[in-house]
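Asks: Below, each chain spelled out in residue letters.
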Amino acid sequence: MLSPAILIPAILNGLLTGAVYALVALGLTLIYGVLHIINFAHGALLSVALFAAFFAYQALGLDPYLAIILLAPGFFAFGYGLQRFVIGPASHGDDRNMLLITLAIAIILENALLYAFRADTRTIDVPYAFETIDFGFTFLAVPRVIGFGAVFIVALLLWLIMGWTDIGKAIRAVAKEKLGAELVGIDVAHVYAVTFGLGTACVAIAACLLIPTYYLNPHVGNAFVLIAFTIVVLGGMGSVPGALVGGLVIGVIESLSGLILGESLGQIGIFLLFIAVLLVRPSGLFGARA
Amino acid sequence: MKSVLPIVSVIAALAVVPLFVQSNVTLNFLVVTLLIALAGQGWNILGGYGGQYSFGHAAYFGTGAYVTAILQVRYGVNAWIGFAAGIAVGAAVGAIIGGLTFRSGLRGSYFALVTLAFAEVLRIVASVAPITGAGVGTLIKLDLRAQALQFQSRAAFYWLILALVALSLLIAWLLERSRFGAWLIAVRENEDAAMALGVDATVVKLGAMVLSAAITAAAGCFYAQYFLFIDAGIAYGTWISIEALLTPIIGGVGTVFGPLLGALVVKSLGEGAKLVAGDAPGLDLVVYGIVLVLVIWFAPRGLIGTVADARKWVLHRSSRSVREAGHG
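For the record, the sequence lines run as chains A and B.
Per our numbering, the very first residue in the first sequence carries number 64; after that it's consecutive.
Per our numbering, the very first residue in the second sequence carries number 5; after that it's consecutive.
Hints were generated in silico from the structure; no laboratory data involved.
One or more of the hints may lead you astray.
Stated by the list, open to error - From the derived model, a few chain B residues whose C-beta atoms are all more than 12 Å from chain A:
{"hint": "1", "residue": "L31"}
{"hint": "2", "residue": "V81"}
{"hint": "3", "residue": "A88"}
{"hint": "4", "residue": "I128"}
{"hint": "5", "residue": "A150"}
{"hint": "6", "residue": "R158"}
{"hint": "7", "residue": "L171"}
{"hint": "8", "residue": "L210"}
{"hint": "9", "residue": "E275"}
{"hint": "10", "residue": "A281"}
{"hint": "11", "residue": "P285"}
{"hint": "12", "residue": "A312"}
Said to hold, decoys possible - Computed spacing ranges between beta-carbons, pair by pair:
{"hint": "13", "chain 1": "A", "residue 1": "I196", "chain 2": "B", "residue 2": "G282", "range": "21 to 27 Å"}
{"hint": "14", "chain 1": "A", "residue 1": "E240", "chain 2": "B", "residue 2": "D283", "range": "49 to 55 Å"}
{"hint": "15", "chain 1": "A", "residue 1": "G144", "chain 2": "B", "residue 2": "G109", "range": "34 to 40 Å"}
{"hint": "16", "chain 1": "B", "residue 1": "I100", "chain 2": "A", "residue 2": "L246", "range": "42 to 48 Å"}
If you're wondering where the values come from, they're calculated on a predicted model, not measured in any experiment.
C-beta: ideal position from N, C-alpha, C; glycine also.
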């Protein structure tokens, strides 16, 4: 029934989508790995970033790919400030409070967008939105291929930052042993905020890569963040390679189950996989035992 | 809280309100506030006393609402029986979700995440399954008779939800004084230590989950009877998961009156925001989110906890000054 002529493009498209999922998940897993909390505001931040990319294009005429140069540092600063001046002080170092504060931020951001822009769905039309590359056996959309490449550049950059810079070493030290890091003079509040900023910058870049081929509305981030949660749980909370592989796997699963089961049931498949992984192996495929 | 007297006097004071207030708008506001207080008390049993923060109490609210509605509409079951069945099935869903998650040892972030996912799965299933009316929703036929659990006057609905809230306050009060409640609080404070002392943490948490789900499901059953319409977005929507956790946290987490006080504060602020800025979608939730941040930041034990702290501080100071005066 399913010939390779249908199956192979579906798998390739799944991989392309999965790469952007992986980038959203990367931000989430980074924050979890260091702060040990699930950032429930991640989806709302993605919605905000999509709106920012939208208005950068509509108002300033800025191409989404160029907007990365502006939005990535901007959202890094926003995330840094959020953790340093709101989440950190407000939660008094209690994990349960941190969860609630990120949930509260999600509620505020999402509903502020809803209040300001209503529930309308918007799109932008860049001239290259429908251009394709001919691979001989299949065509792939140019923006999605660019997105795929960009995700791996971002992952490489993150790997370099984590491995070779002082702040990267400090982040890894805090993730491993917070008290010890504090004792040798690392400013933990600063490291937390930098990590949150990096996670938020990942979301901003993902938004810029998504927007040429995707739509936006105040709730759009939720669809991604639940997939991102699944990827993070599947790949292991806090594991960067886990997020990348998990993202690609989920992208392919979604594409294939959409092909076989239809759209609405494909969504349930992801949720059930998510619950099953959480119940059977909460540490994920790559993670250490929780 | 030692005596049951505060509960009796608060409920008595609330019970006479319809004798003085005839405005349907005001009564409607109070009914919705009490409904949220009831759902919040359910969350408070598990989250406040047990320390297990659920982000998906919509799972029980929605189940209660759907069971009540579907039994009447599709099977012609009496509304009162449907109401009781809704509570029972809600508790059973709590037992299933609790059994799965607690046995897997999920805590903290993981627990919040998996409860959220269960509520979302139920929402998606309810929005496509034919028995729930799928996207159209379920409409309960208007039948204004007490046998059908529908009343001509708002006051009757008000007394019904007030009775349910009174019952939930009593349950929380009894929980505080029971051995089971002590185990539950021990698990919240330090699960490993409680287990080392012989408390079966999984069973205790599961018991709290079932009780919690039953109370929140009762709020869902009432919602179905009061509004006579539900769909997947209402019954299993994130709004109720958020409001159920918002009210006890703002009022005073792990206290008998926390959810009731929190519901009054939250709903009043929501109405106030509408008065100031007009009724626009999203506005009330922005206000709730800001209040949640401010309360956790500046009054992490909620309004009741903060008042109690302040009183202790004042008493401590005055007793010290008395002692100092004695020595002087």
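Asks: Identify every previously stated hint that the structure contradicts and give their numbers, smallest first.
Replies: 4, 10, 11 and 13
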